[in-house]
Amino acid sequence: MSAVVELRGATVTRGGSTVWSGVDIELAAGEFVGILGPNGAGKSTFLELLLGLQALQAGSATVLGAAPGERRQRIGYLPQRRSFDESVRVRGRDLVALGLDGARWGTPLPGGFGARRSAARARIDAVIAEVGAGAYANRPIGECSGGEQQRLLIAQALARSPELLLLDEPLDSLDLPNQASVSSLVQRLCREQNITVALVAHDVNPLLSYLDRVIYFARGRAVSGTPAEVITTDTLSALYGAGVEVLRRSDGRLVVVGQPDMPAHHGHEH
Amino acid sequence: MNPSFSINPVSDLNQLLQYPFMVNALQAGTIVAVIAALVGWFVVLRRETFVCHTLSVMSFPGASGAALAGLPLAPGYFLFAVGGALAIAFGSRVGGRRSAMQESAVVGTVGAVALGLGFLFLSLYGGILESVETLLFGSFVGISAGQVQTLLVVAALAAAVLAVIGRPLFYASVDERSANADGVPVRALSVIFLVLLGLAVAAIAQIVGVLLTFALLVAPAATAQLITARVRLSLALALALAVSETWAAMTLSYFTNVALGFAVTTIALALYAVARAVRELRG
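Those sequence lines, one after another, are chains A and B. If you're matching positions, the first sequence starts at 1 in the numbering used here and goes up one per residue. If you're matching positions, the second sequence starts at 271 in the numbering used here and goes up one per residue.
Here chain A stands alone, though its shape is the one from the complex:
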């Protein structure tokens, strides 16, 4: 079976400078992969490339068997750092619905009971139930907590039943219990529905027990493997070209010491 995502010698530039180059990456169907690395290493750029929002400078990229962007309808995407303040008077449910047909021209008129409308309603109910957001989906999104908003946004990304789910820092700004419950939710979706998931994170710890594999971006290159293979003193030192030390604490959390650009993120307790 062919890979869901395949990058060969991929090079991406932004504003004239190279973000990363000569990168080979494969994502298999149903894999849960963490995308890690310091700020500015090109993690989000990787997701944007898969969406077709970022051009490839050299090399080749295939997403779901076609050029990036062509299979957009089969990809679910959660952009980075979105939150809705209290003044946003739109129900969570309406935001989820936009994931299904928000880009379609027209205006849904009131009182529609057509077959398509009821199928859409059933699909929205189903994804809201999948992420466990039933209790607050009818509240204005601005009144939901950060964790609740994140679950609704994941439901939005799932609305079209994607085969590939790209999540950009979904754990950002969540407290530790919510980081754990969102990680386990994503793993469950990945396992039960065989969705391939690429999740960008700046801290691997809340994800460690859920991930199949990590891809670590740094200094214009990428290294891939299981967390145990990649997040080691030797591998990261070679990747950074500098002395980086990985410590395992007694509670199993990994602490990366001496990592350039992001000193306090890994293992830092929020």
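Think of the hints as simulated: they come from the structure by calculation, not from any bench. The reader is advised that the hints may include incorrect statements.
Simulated restraints, written as ranges between beta carbons of each label pair [unchecked claim]: (1) B:R502 / A:L247: 22 to 32 Å; (2) B:A375 / A:G15: 16 to 26 Å; (3) A:S83 / B:A339: 42 to 52 Å; (4) A:R14 / B:E403: 54 to 64 Å.
Here the structure is a predicted model, which is why all the values come from computation and not from measurement. Each residue gets a CB set at the ideal place from its N, CA and C atoms; glycine is no exception.
Here the structure of chain A is known, so what remains is to put chain B in place on it, guided by the hints.
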């Protein structure tokens, strides 16, 4: 016969409709209310009330410029409002992206230039422009059947455009990043919406006046969104509020000679304040 308000609604309605000018005014007011509610609902959602205010100020140079050029006022209103909308839409871009900081600066500058131009045209014109008071605060005495038709065309056009772009515009307004990644032409929609807003503002300013256009566009939509977070219900509520506020204000203005703009803003503000107070009290 001076109109006098009674507790008999039939006699009141008869009095309201006895003069053709009042029938025209009620028709024009209703059209204006509908378009204000529809466009204003998106203005509130997109937090573009400052842009909306500036575009209503564009009516001042529009009207005085048209007077100076010896044209009817309506083309002046539309030309300046749409021109202002385009200036804001393109001036707010930095390197092809919408910049919140530049937008705020450009909107403020465009507003100031509009006022300056308005006074320049007025002084060059030399004559008396209707009366500046009417220009600013509105009057429904002089609305012709032709004006009602122009309004209807503009309103139908705006409603048709909104019907086509409604859903993606809603997506881009509440969740721009997702919409953009989903292939919604976010930038083109924001330009189209600003031009639409310019048209609506020009139409409304001719009835309620330059300064108070803002109230009819923003207040009913803001009140509706406070009351409900259901999309279709809040749109319908904004429509109902705008139309009933306009009718109430016209009735009040007709029977008491209170300026129309004052009547509209007072009623709209009162309803907004009530909705807000109810929400705050509920916690």
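Hints versus structure:
1. B:R502 / A:L247: 22 to 32 Å: About 56 Å separates the Cβ atoms of R502 of chain B and L247 of chain A, which means 22 to 32 Å is violated.
2. B:A375 / A:G15: 16 to 26 Å: At 24 Å between Cβs, range holds.
3. A:S83 / B:A339: 42 to 52 Å: Roughly 50 Å apart at Cβ, these two residues keep to the hinted range, so it holds.
4. A:R14 / B:E403: 54 to 64 Å: Since R14 of chain A and E403 of chain B have Cβ atoms about 56 Å apart, the given range 54 to 64 Å holds.
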